[in-house]
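Q: Read off the chains here:
Protein chains: 2
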Amino acid sequence: MKSYKQLKSERKRVAVVGTGQTKFEARTPQKTYYELALEAAMKAMNDAGVTPENIESVVYGIYNDLFERQIMPDTYVHDYLGMYGKAGIRITTGGATGGYAFRSGYSEVASGLSDVTMVIGVEKAQDCYDWAQGKTTPEVIKSIAYSADMTWEFPLGTSAASSYAILASAHMDKYGTTEEEAAMVSVKNHGNAMNNPFAQSPMKITVDDVLQSRMISYPFKMLDCSLYTEGAYALILMSEEKTREMEVNNPVWVMGIGSSNDKSFTGSRTVNDRMGRYGDIADLRNHYESAAQAYRMSGIQDPRKVIDLAELHDAFSFTEIQAYEAMGFCERGKGGKFIRDGVPMMDGDLPVSPSGGLLGAGHAVGATGVMQIGEVVNQLRNNAGKRQVEIRNGIGLAHSIGGPGSSYCSVSVLGVD
Amino acid sequence: MKSYKQLKSERKRVAVVGTGQTKFEARTPQKTYYELALEAAMKAMNDAGVTPENIESVVYGIYNDLFERQIMPDTYVHDYLGMYGKAGIRITTGGATGGYAFRSGYSEVASGLSDVTMVIGVEKAQDCYDWAQGKTTPEVIKSIAYSADMTWEFPLGTSAASSYAILASAHMDKYGTTEEEAAMVSVKNHGNAMNNPFAQSPMKITVDDVLQSRMISYPFKMLDCSLYTEGAYALILMSEEKTREMEVNNPVWVMGIGSSNDKSFTGSRTVNDRMGRYGDIADLRNHYESAAQAYRMSGIQDPRKVIDLAELHDAFSFTEIQAYEAMGFCERGKGGKFIRDGVPMMDGDLPVSPSGGLLGAGHAVGATGVMQIGEVVNQLRNNAGKRQVEIRNGIGLAHSIGGPGSSYCSVSVLGVD
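Each protein sequence line maps, in turn, to chains A and B.
Take the first sequence: its letters are residues 1 to 417, numbered as in the numbering used here.
Take the second sequence: its letters are residues 1 to 417, numbered as in the numbering used here.
These aren't lab readings, by the way, just hints derived from the structure by calculation.
For clarity, every value in this text was computed on a predicted model and none was experimentally measured.
Possibly wrong hints are sitting among the right ones.
Repeated chains share a single entry, so a pair holds when one copy, or any two copies, can fit it.
Subject to a maximum C-alpha distance of 30 angstroms in a straight line, what follows is the list of computed DSS-like cross-link-like pairs (lysine-lysine) [stated by the list, open to error]:
1) Lys-135 <-> Lys-204
2) Lys-43 <-> Lys-2
3) Lys-12 <-> Lys-23
4) Lys-174 <-> Lys-43
5) Lys-12 <-> Lys-2
6) Lys-135 <-> Lys-8
7) Lys-31 <-> Lys-142
8) Lys-135 <-> Lys-2
9) Lys-305 <-> Lys-334
10) Lys-305 <-> Lys-2
11) Lys-31 <-> Lys-135
12) Lys-386 <-> Lys-204
13) Lys-2 <-> Lys-204
14) Lys-43 <-> Lys-337
15) Lys-31 <-> Lys-305
Please work from the sequences and hints to get the whole structure.
A: Dropping the structure here:
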């Protein structure tokens, strides 16, 4: 792996130079998925000061073909954006689709194949609409549950919530993490979202509100869970050479990317191996590995000393606590204490998910990981409005996960000079 | 775009150093898709002389989630291959999935993110099996047809065959291409497959056999169409630095990659734009564009003078004729004459699809584009057994397409020193 230091000395870095998004909403019946993507793309291009002619390739993060009953939805987005002739690459890796699409966008530019790449995440589930009742049907949850192993897990009733609930229970059992601590994550993130005009679920709530909300899958109550969301988020990535040529004002550099895939629950179907997996399940070993890769590339020894803010994947409140530990923000098993001590609060030492995260801003699957990176970019540019955190070292982190048993994890570290 | 010349002078090229595949078959009821992938992966690693520990990331080319009713099938392959901890990236771009997965594998290595990457294409459709009758059901065709625009095209009966038949008809109308010329492609490719032990449809047939086979969608008869196939193909990609370190004997270098996406038929839904698209439809403009990009990167002025062999995407016989022109092997509109003159035959000046192509070797969607590149690699290494063509300049080309209206096209040029 080439280090950031080496890339910097060779002037061969990759920058994020523009962000754009739609509002994240429960339903967007008035817009198609390609209209959502266009809105985000135009904002990102305007922000970057580039025109469609500058874009040489597009990486699409679109998760679920069943949402729209449309294989190859990226074809229709590419067309609608007027991107004829340019390469269009479609990534799909569950809830981590956005994070992996960003990795692919990075490698498109760093490889020299493109000087300017757009990464767009978009999600919508029109095929799951009940138009008469004006709501999204449970079909959307079923389409997501198809990500569990269809032979061994799905028949047992595995869903997104129940699989992450098993991980959370293991963490509670091993380290004594409490439902109250998880509820504090929910309170924080729904509250942070109140300063995000694009957020789906801004809410001023209390720990008691979370604890008393409807049980979904123990230990997750309704307010521990992110909601289904529709929306789009776009980023413009550019080679260092091109940022000089185009005189880009405030490039945010990609310092490191680490991605690590684990097995799902049923794993490789051998008992020994499965036992090993369950023995580790509280610790999300591939999250530790992804962070280690990203820090190695970034040259970061102690993340607590240099990271100004992070966006962590909180599809479920407990997962954010597990991520504090895996990202090295606190010791193993001390994630609960980390939030009790107030460290990840907006006024804490290491604010986590100022956007509101998935709980507050929304979880538009393919767009989510892109949004998290966009939030870090805007924070590092001191361009995050009312939710701006203090930038001291100029380094931020985004954490994108997905799959049953959180089998996908991609960590991106960004920084300004 | 960085040129091959520059990459070569900087010793920063990417090589293919190993290939491996399963037999391509109509049905593989005795194996899961992850078992197919494992077989191909082990062969590729053995061929390359690497162990699983050397692999730093895996790019998965898997096309259709509906085939197995399994979202994220790559998770289960990654696990079964024992690739825990490494990045796993899933690409899906229709029939061109293999070609785009190769592009992503290239950029993984060229970007410096990985020194050794495995690209695996795999396809299987167990959810579409009729176990009682021992055959694959029409559900598999329906799953493919979902790639047409579900709002504007699918309701009109657009399928893979009928959409490519429209492109073929336009070519016949504009240039006078005949059904006999297309039949010659089918005869050639089914014949070439007789020397490929992994091929699904080796057949000694005549032009009359093709012309008299059952009509599918005018002008396509049964023998003009590739069949549904199951199987896997794996490639090992390596940085130039690593090939020196590991003392790899016969690296095949990636000289150029060009990828260009077009609109589907209905296009951007404006009449003017759509009319423009139909005006061009005989010419597959994004195939011309992809080839131009790939030749620009490779530094190739006249492909006819330097290319020893090509694997062209012949899901339908007529499409190979259109590709002769788009790849610059002959003048626009002269594709029919090109095969009448015998140029793409095994003993011709520029043999096309010695593997048997999709018609003869099979079309295991996500694996197909990977197989085509693997065939070029083995030919350039003089390792193609009975179907070896003469290698003079040491340069070959692979052409991977997909989507309704062939909206995806990726062209890879490979060479040996």
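Q: Evaluate each hint against the coordinates.
A: Taking the hints in turn, this is what the structure says about them:
{"no.": "1", "hint": "Lys-135 <-> Lys-204", "in the structure": "within (25 angstroms within a copy, 57 angstroms between copies)"}
{"no.": "2", "hint": "Lys-43 <-> Lys-2", "in the structure": "between (32 angstroms within a copy, 29 angstroms between copies)"}
{"no.": "3", "hint": "Lys-12 <-> Lys-23", "in the structure": "neither (34 angstroms within a copy, 42 angstroms between copies)"}
{"no.": "4", "hint": "Lys-174 <-> Lys-43", "in the structure": "neither (46 angstroms within a copy, 42 angstroms between copies)"}
{"no.": "5", "hint": "Lys-12 <-> Lys-2", "in the structure": "both (11 angstroms within a copy, 12 angstroms between copies)"}
{"no.": "6", "hint": "Lys-135 <-> Lys-8", "in the structure": "neither (50 angstroms within a copy, 57 angstroms between copies)"}
{"no.": "7", "hint": "Lys-31 <-> Lys-142", "in the structure": "both (23 angstroms within a copy, 26 angstroms between copies)"}
{"no.": "8", "hint": "Lys-135 <-> Lys-2", "in the structure": "neither (48 angstroms within a copy, 49 angstroms between copies)"}
{"no.": "9", "hint": "Lys-305 <-> Lys-334", "in the structure": "within (17 angstroms within a copy, 66 angstroms between copies)"}
{"no.": "10", "hint": "Lys-305 <-> Lys-2", "in the structure": "within (23 angstroms within a copy, 37 angstroms between copies)"}
{"no.": "11", "hint": "Lys-31 <-> Lys-135", "in the structure": "within (15 angstroms within a copy, 41 angstroms between copies)"}
{"no.": "12", "hint": "Lys-386 <-> Lys-204", "in the structure": "within (16 angstroms within a copy, 73 angstroms between copies)"}
{"no.": "13", "hint": "Lys-2 <-> Lys-204", "in the structure": "neither (44 angstroms within a copy, 51 angstroms between copies)"}
{"no.": "14", "hint": "Lys-43 <-> Lys-337", "in the structure": "neither (40 angstroms within a copy, 49 angstroms between copies)"}
{"no.": "15", "hint": "Lys-31 <-> Lys-305", "in the structure": "neither (44 angstroms within a copy, 51 angstroms between copies)"}
The structure shown violates the earlier hints numbered 3, 4, 6, 8, 13, 14 and 15.
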